[in-house]
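Letter by letter, the chains look like this.
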Amino acid sequence: MSRRAPWGVILFALAVVGSSSSHAAQAPAYAQAQAQAQAQLPAPAPAPAPAPAGYSAPALYNLANAYARAGKPGLAVLNYERAKLLEPNDPDIDANLRHVREAVGLPPESRNRFERMAEIASPRILAWVGVLGLLIAGVSALARWQYPRHRRKLHAATLVGLSLVAVTIANGAALWPITHEAVVVTQAAPVRVSPVPIEEPLFVLPEASVVRMMGEHDEFVLIRTEAGRTGWAQRSSLAPVVPKRIASDGVSTSHN
Amino acid sequence: MRVPILRQRASIAAIALYLFSAATAPAAAPSIDATIEPQQIEVGESARLTILTSGSGTLSVTLPVVSGLEFRVVGQSHQIQVINGARIESTSTIVRVTAEEAGVFTIPGLTPSSPPLVLRVNPSRGGGSSSLLGNGASPGPPPFVPGGSNANGIHLTPDGSAFVHLEIPKHEIYVGESVPIEIQVGMRDGFVASINSLPKLNSGDFTLNNLSRQPEHAAKAIDGKAFTVYTWRSILAAVKPGTYSLTFEAPVTVRVRTRPQRDSMLDDLLGDPFLQNIFGTTVPKNVTVTSPAAAIKVLALPTQGRPPGFGGAVGTFKISADLSSSKNTAGDPLTLRMHVNGAGNFDRVESPMLRGDGQWKTYEPKATFNPADPIGYRGEKVFEQPLIAQQPGTHAVPALDFSYFDPGTRRYETAHSSPLSVTVSPAADSAGNEPPPPANAGASADESHGGLRPDHAVTEARVDSLIPPYFRPRFVGLSSVLALLFGGGWISLRRRELNARDTKRQRELARTQLIRTLLERMAAASSAGNAAAFLSTARSALQQALSARWEVEPEQIAEDLVDARLEGADKDDIRQIFTLADEANYSGDDLKAADFERWTQIVSRQFIEETAS
Chain S
1 MSRRAPWGVI
11 LFALAVVGSS
21 SSHAAQAPAY
31 AQAQAQAQAQ
41 LPAPAPAPAP
51 APAGYSAPAL
61 YNLANAYARA
71 GKPGLAVLNY
81 ERAKLLEPND
91 PDIDANLRHV
101 REAVGLPPES
111 RNRFERMAEI
121 ASPRILAWVG
131 VLGLLIAGVS
141 ALARWQYPRH
151 RRKLHAATLV
161 GLSLVAVTIA
171 NGAALWPITH
181 EAVVVTQAAP
191 VRVSPVPIEE
201 PLFVLPEASV
211 VRMMGEHDEF
221 VLIRTEAGRT
231 GWAQRSSLAP
241 VVPKRIASDG
251 VSTSHN
Chain U
1 MRVPILRQRA
11 SIAAIALYLF
21 SAATAPAAAP
31 SIDATIEPQQ
41 IEVGESARLT
51 ILTSGSGTLS
61 VTLPVVSGLE
71 FRVVGQSHQI
81 QVINGARIES
91 TSTIVRVTAE
101 EAGVFTIPGL
111 TPSSPPLVLR
121 VNPSRGGGSS
131 SLLGNGASPG
141 PPPFVPGGSN
151 ANGIHLTPDG
161 SAFVHLEIPK
171 HEIYVGESVP
181 IEIQVGMRDG
191 FVASINSLPK
201 LNSGDFTLNN
211 LSRQPEHAAK
221 AIDGKAFTVY
231 TWRSILAAVK
241 PGTYSLTFEA
251 PVTVRVRTRP
261 QRDSMLDDLL
271 GDPFLQNIFG
281 TTVPKNVTVT
291 SPAAAIKVLA
301 LPTQGRPPGF
311 GGAVGTFKIS
321 ADLSSSKNTA
331 GDPLTLRMHV
341 NGAGNFDRVE
351 SPMLRGDGQW
361 KTYEPKATFN
371 PADPIGYRGE
381 KVFEQPLIAQ
391 QPGTHAVPAL
401 DFSYFDPGTR
411 RYETAHSSPL
421 SVTVSPAADS
431 AGNEPPPPAN
441 AGASADESHG
451 GLRPDHAVTE
461 ARVDSLIPPY
471 FRPRFVGLSS
481 VLALLFGGGW
491 ISLRRRELNA
501 RDTKRQRELA
511 RTQLIRTLLE
521 RMAAASSAGN
531 AAAFLSTARS
541 ALQQALSARW
551 EVEPEQIAED
561 LVDARLEGAD
571 KDDIRQIFTL
581 ADEANYSGDD
591 LKAADFERWT
601 QIVSRQFIEE
611 TAS
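If you're matching them up, the sequences are chains S and U in order.
Under my numbering, read the first sequence as residues 1 to 256, first letter to last.
Under my numbering, read the second sequence as residues 1 to 613, first letter to last.
So that you can see chain U by itself, here it is in the shape it has in the complex (with noise of 0.2 angstroms):
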């Protein structure tokens, strides 16, 4: 509690500064002064009322009694000033006067010398008030007429805090007819802190259907005042005939001021409601905000022209229906749909569909309703009915009827729909229609059970299993490896045939074999230390990888091509290569174990070249 403590600090500042000052300075004589501003306003507007006394000493202002206006302090300042030694005192009283009535009013001098204030208060023209002290600076007590109603017939709470207001399109209902209702809630901002539950309907001749459960909010200005309105949607119904007077409820929480009227000062001082909660000068409060009553008549439907097949709807509809198919077969069903649109009480709206004849075989329908809007007061009923035709040939559905109370023109109406044309042809197994033959000495047709065919010859073929094959493991493992195996042997020939289609890449392959064997016997001639035989198998791979690279035949390539179109570090030594050779053949030299394992890195080199190109 740091705020009350620094208020009550401050207070006791100001009075030692009051004691300081009287104790020291000579004191003037005190006077009085009041001023209202307008002195021109209308019933609900508010004028202020200043009061300024000053000098010294203590002067009693008691706030005056007049009929048909309500004084309330709003704010007050205080001033000591020591002119020339003299102390001189003042203190503004600002006095809200709220105008409950109109006429001419004479407020009397709040001190004996004082002359009498005159104001003129004139009837309300429906406007927002004008209030100098309400109008956004100080929350106060709403400026409006406690527990009127203003130009939209809102009917506010006394303490103009909150409101119920009920939105109803007509006020002469039938019984049983829906009507879209609107109930808004509105809740002052910073008085309410919450609505404790939906709004409740004060009478047991209504029902009240499809309440929304999350209302609409918007925010709203009534008579200058921000207002949060939470609106609820639903349909009202009426239960029996007769006048009625209906209400709603909602309870809530509001903020309720629990200081004494003397520190309220300082309340419409701080003005805003957020302020006053900061300083905890408010309690939450429950209370149950009612709306103002609605006269609402209930007429009886009339029984002169009543339909037979009338089931309680009422509103205005429209039907239309459709087959599923135009076309059929004997024995198979069809889905009949009727269509039901527009607005009302659908919960009434019921239809028998076809009834079953010599030409049908009907079966019971099903509704299913489609809201067009979140209360359910428009939409789409759809009925849906299977039908067997019990004969092929072309048929005709009669036009289904929907009869319905419409409040507009105050009569009874049948709709109608269109008749439909659908061809039903034989059964496949029409054939069959008779029971066949009993197919074993136990089986015969059984009378008691009439339609119900014979039993038939057991085999002895059986499963195991009623799962379908396909959708075992066996089978699908099996007619997997099947699918692979074939799959698999495809793709393989497939490639080879592709292979034996590329002589390039054939050629290729039969190249790289025999660099690799000519390797391989140099390897050899290498370690038996044969350098003739090296050298000459040294050559021929290098015909072969130059060959691949420059596209001639291997025989072609000698030195002098070597010399032409080889280059790269490599080139001396290859062409020393094709001359050694030569040479080797018919000298007889031999090479070093160094020299051997130089060419051949030599060699390797070209055909790695060779391979990467």
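The following block holds chain S by itself, in its conformation from the complex (with noise of 0.2 angstroms):
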């Protein structure tokens, strides 16, 4: 074998990983979630055309935009927010998302610098550059045997491969709380001591107040504030961030 063969076995690892990767941005997708939202506003909203299936980051940011103008904060900042998922460092959603949430009375989001690091691209991205570490680690670690003379190079080459790991890594440990976050869709949600609708209000979250949903009970859903405080809102005052599957209005969606 040639002196040049690592090298090829490590251009062949990405392009396994580069057919991969545009399979995934082809997956086959199962809900009208655009249309069928947009059929919910008022006018002038026009009658909505047959949307594309799936999410796109730009269709969720004119849905939120929508959703704004038709005076809807709640789901407007819902749709801002998936919308940063898939483009986590697009201007107008902070923009917008920060508009809209100072037009209701709440402060703008507040990200410390871990979590703007591994904000540096969006998690599709990200996956497939951990796929494309964990590959280029692998062959080069394994190509220090069969290549011993290639050896320094092989074990840089494995460092990289490392270090795209732990980028991909560190991107999920981010994005992992915000997974769990929902959004106050409704004009007012209560929040009670315990999951029962007679008991007295402890306080009331504002309409697109973000929340992180520690647990569930029946209609009710444990939440915790951006100020910390705790207490069970019931689950159809709440829109969580990522949804697992699309209720029939397209927009309020389940958990389970």
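Hints are computed from structural coordinates only; laboratory data are not their basis.
Mixed in with the good hints, there may be bad ones.
To be verified - Where chain S lies over chain U, by a calculated footprint (3+ residues, C-beta under 8 angstroms):
| hint | segment |
| --- | --- |
| 1 | 329 to 335 |
| 2 | 357 to 369 |
| 3 | 467 to 478 |
The beta carbon of each residue, even a glycine, is placed where N, CA and C say it ideally should be.
Using the hints, put the two standalone chains together into the complex.
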């Protein structure tokens, strides 16, 4: 085998990753959330054309803008948050999200430095970067025995691959809390000490508030606010940022 | 009801004995003698009057009535003696004499012929009771002044079983001022069964806040009697100015005697209330104990010098302020915190914090109170307000003010925090402050919702889920398989490399393989009955096994070396194998089946020993 052989192996691995990534981008979609949500909007929303299935950052952003214009800050913030998951570095999403939150009297979201660093690219890209890193690290680690003369270069390649894997893991760690967040989509969400509707509310969350979901019981969700207060809110008042299935209204989704 | 029956039988037996002795012995003439000890006491104390009647017949004794003295029978004993045929009866009655006022009292004789007794009662010097009858041995009615106050200012109930006492640090307060108070409910041990609810304030002009649910309790001796004192802490605040009388009450359950007075003598003799309870002489009764009235003057807050930002805080406070960060990016929120420390009515401590201007965009502050004591009189209230710098640069956060009324100095005070500074750097996307031009024909800047950036062009690229790929099972499975493959391959290659480096191990493996082959050949030669091949192969196998043990070349192992180095039971047999192997090449002798088996076992044993070593 020639001396250039290890780079051939790595290039082959890159080709495998590239083909997987392009295949994932064309994954079958299942929902028509945008079209259905647009249909809920009052005039002047035109009659919706059949929308392509699946999620895209521009479609979610446009949907959020439509909700903001229709005076529904909760649903607007929800879709901005969803769009941010796909395009975390889009300045328009940040600007409009901040604008809508300010309009209802909520302070802008604050992210710490780690979260900002982890959001250098979209999770989809970083996921395949992680796979690429794993391939580079694995192939170069194995090739060290086959090509001992290139041991140092292959060692460096292993470190590069592991670094890419680390970036992906950091991004996942930063996004994990966001995947358990929900937005108040009703005008007010009373929060109670226990998951029963007859109890006096502890406090009331305004529309568009973002909360962390910590547990569920029947029709109630145990939430924690940005200020650290906890309590039970009715599930119908909240919409999770990351839905697992699309409900009939195209917006209110469940984690079940 | 076993105890009363026993007592009744004892009484019947005593009466029968009395009647028997009275009927069989001649009676002596009756006499009466009375003494009092001590003859000088103080108000509230008791003396002991002993009335001794002796002789036969019935002698009626009536307790004297003297104004200022209370007489009560607390004990009686009866003796019958027959001396030289004469029956002598004696009855000793103990009467407690409690002085209610000072003076010199003459207790008239109990019979016309008895001399009077004199008791001198001095005014009380404020000390505890020194009653001869009341100290520990006999509970009876409490020997202190009913309804009076003792030296500690404690006002007992008329029966002396309980009290409610209010500890208030000041009697002149301001409207809205919080005053920490202590409410003490004392229950005399054995007399009060329970407190039925929390102490209650008997006034609508005050509010009682943060009353502790679980009182502290401690044992305390009051006038020589054991009490359990329960203490609640709370904050008292006045609603309106004026002069008021403040009382507290506590419903308690006390044990009340139900037996006639004449029977209570036995109770007094029994002494301990615990014993009285055993004999069923008390029943529980709910009563309400009220504290003595405390006069409190409530002053209105002065209108002169009242600061414009005064929100009703009364107390002593200090403030400080800080920012969540001294460096920030334009558009990102900061948190401005104001800490109000001190003592007072924290429920009225409010602050609008910083007001929005062209430099800062401000939001509604939220407040958190961290009490330093259980009633929330002392502590720290923290106000947190999100701020956003409108422009990059170095900005000053102005000093915060907080106004309150200090009841100590009797004037309004305004506390100031220090100004703060923060450096705001431009936002990373400041270049894109202006809305981007519309990317498609349908998108345009939204004029009616100024500030909203326009819609984006929708592309065909879509994903089937918002869940990040690395949280999906398919992705996790693929990554795990890849990691396992690479990890397994790495471990396999690593082991192969390590094995290749280990020449000794390689040699051992080769020798083991060779010995196994030789043993198989021996088995084949044994089956074929070929003695020469069998013995030759056996010798080779032994040479391999012994060479590993002695670390010499196999060819060097011969009969002389076996003689010199081999030990154990197989030494002669092995040496014989070497000899037979040489002979078999030319003698052509055959071996019996048993011999084949025996030699095979010997060789195998050496191999096993070699492997074990």
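Hint check results:
| no. | hint | result |
| --- | --- | --- |
| 1 | 329 to 335 | holds (count 3) |
| 2 | 357 to 369 | holds (count 4) |
| 3 | 467 to 478 | holds (count 7) |
Every hint from the earlier list agrees with this structure, and none is contradicted.
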